[in-house]
Every structure is written in C-alpha cells, then in structure tokens.
Amino acid sequence: MVIMKMSVHLFVLLFLSLVAFFFCLSEATSITSTSTKPLIFIETNQSTATARSCSYTLTIKTSCSSPKYTRDRVSIAFGDSYGFEVHAPKLDDPSSKIFESCSTDTFQIRGLCIYEICYLNLKRVGSDGWKPESVKVYGPDRPAITFKYDKFLPNGVWFGFNHSLMEDNGE
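Taking mature numbering (1 follows the signal peptide of the UniProt record, and there is no 0), I'd label the letters of the sequence shown as residues -28 to -1, 1 to 143.
Simulated from the structure, these hints should not be mistaken for lab results. Please note that the accuracy of each hint is not assured.
Straight line, CA to CA, 27 Å or less: simulated DSSO-like cross-link-like pairs of lysine-lysine [stated by the list, open to error]:
1. K69 to K123
2. K69 to K40
3. K123 to K108
4. K33 to K120
5. K95 to K33
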C-alpha cells in the first residue's frame, strides 16, 4: 500500500513538472493587422489536455527617451495571485522594428487561462537598453490593466509591478 501511494505521488510530481516545463516554452510568429506594424502572435507551448488556453492582447508603448531601437532580448511574464502565469521568453524581433522609441507594439499571446492579472514583469538582456513607457494587458472576461514603467529596464533581471501588493494601484 505504501509503495502504491509513493507511485501516485511520483506520478503527480512528474505530471506537474511536465506541465511547468511546457509553460516555459514559447514561439513567436508574425501575423498582419490593419496597423502599419505587424501584430505579433505568441503561442505558449502548453498541453491543452491539462489546462484551458486563453488569448491575451498586450499593448507595449516604448518611451520617447528610449534608444532609437533595441536589439536586446525582451521577455514578459504576467499572472494572478493564485500562482498562474503566462510567460513569453522572446517578444523581440530586431528585424521587424519592434520597440523603437516613441512606438507602440501590440502582441497577441495565447497561454494558460488565469484569473485577474495582478502582476507583470519584463526582462531585457543585451547592451542597447530599452525604456518601456507602459504595458496594457487585455484578458478574456476581465477589464484591461495598465502597468506604468517609464524607467529603463535593468539588464538581465526581471523588473515589474505587483498590484495585488498595493492598496491603491492608481487605476
């Protein structure tokens, strides 16, 4: 009986590890939109058998005081207070002029369905630098939430905001 209980626990642990692994992978492809810049579509690699998938739209404004362009690698992670998270490890594509100064880029991200979005973190890796002004996230059946940065991102570390830890988020 003890061996059977241990086997069940090991199976559950293995299953959860595989699910976590799939959440960490993503790929980006461009699709066209009516704007002059392409809408970037990012599909996170998750098993639809284990979790429901939802679509999120992100509008990222780059500050006018940011460098003219960046070749830095930009990643994003956002989630809810229950620990559910959507993670896209590569938003940038230097050849498509994403994240130029004074510009707005729109991304369509498909990932794990989460509850009310309360935190958002950005990470950039590279030597060019990048200063996002704001990130606005639209989720299914939820009001949009805006995270105001207007700061240069440090290199190689996650940087962001958690509205669930604040009494008044200014919205």
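Exercise. Checked against the structure, which of the hints given earlier come out wrong?
Worked result: none
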